[in-house]
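Participant: Sequence:
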Amino acid sequence: MAELRLILPIIHIVAVGLWIGQPGVTFALGRLIQGAACQPQELTLMSAQLAAVGFMGGLAGPVVLLTGLGLIWAGGDGLLGSVG
Numbered sequence: 001m002a003e004l005r006l007i008l009p010i011i012h013i014v015a016v017g018l019w020i021g022q023p024g025v026t027f028a029l030g031r032l033i034q035g036a037a038c039q040p041q042e043l044t045l046m047s048a049q050l051a052a053v054g055f056m057g058g059l060a061g062p063v064v065l066l067t068g069l070g071l072i073w074a075g076g077d078g079l080l081g082s083v084g
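Quick note on numbering: the sequence shown equals residues 1 to 84 in the working numbering.
Hints are computed from structural coordinates only; laboratory data are not their basis. Quick reminder that beta carbons are idealized off the backbone N, C-alpha and C, glycines included. Treat the hints with care, as some may be off.
Quick list of simulated restraints, FRET-style, between CB atoms [unchecked claim]:
| no. | residue 1 | residue 2 | range |
| --- | --- | --- | --- |
| 1 | L6 | Q39 | 43 to 51 Å |
| 2 | I20 | A51 | 13 to 21 Å |
| 3 | I72 | A36 | 43 to 51 Å |
Full structure from sequences and hints, please.
Facilitator: Rendered as structure tokens:
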């Protein structure tokens with residue numbers, strides 16, 4: 001149980017970092033797309049943006065949910081400390 005209380009917060013924080021990083025990736029690739037307007041690489045950059053943001057959200061969302069539930073279970077405090 002002690003291992004879970006150490007590992008789960010690390011995984012949770014990394015997943016939240018991916019989740020929060022989505023707007024930054026969207027912004028950075030959006031700027032590249034604007035710079036490549038009407039050029040052949042524009043579609044490639046758009047595809048890369050959609051793939052990167054979709055991957056980040058698709059991975060981070062469920063991991064945040066599951067590690068959060070795991071932290072509630074491993075901590076024994078209940079949701080927001082309301083149920084022991």
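Participant: Hints first: check each against the structure and report whether it holds.
Facilitator: Going through the hints against the structure:
1. L6 <-> Q39: 43 to 51 Å: holds, 49 Å
2. I20 <-> A51: 13 to 21 Å: Check passed, 19 Å falls within 13 to 21 Å.
3. I72 <-> A36: 43 to 51 Å: Holds: the Cβ-Cβ distance is about 45 Å, inside 43 to 51 Å.
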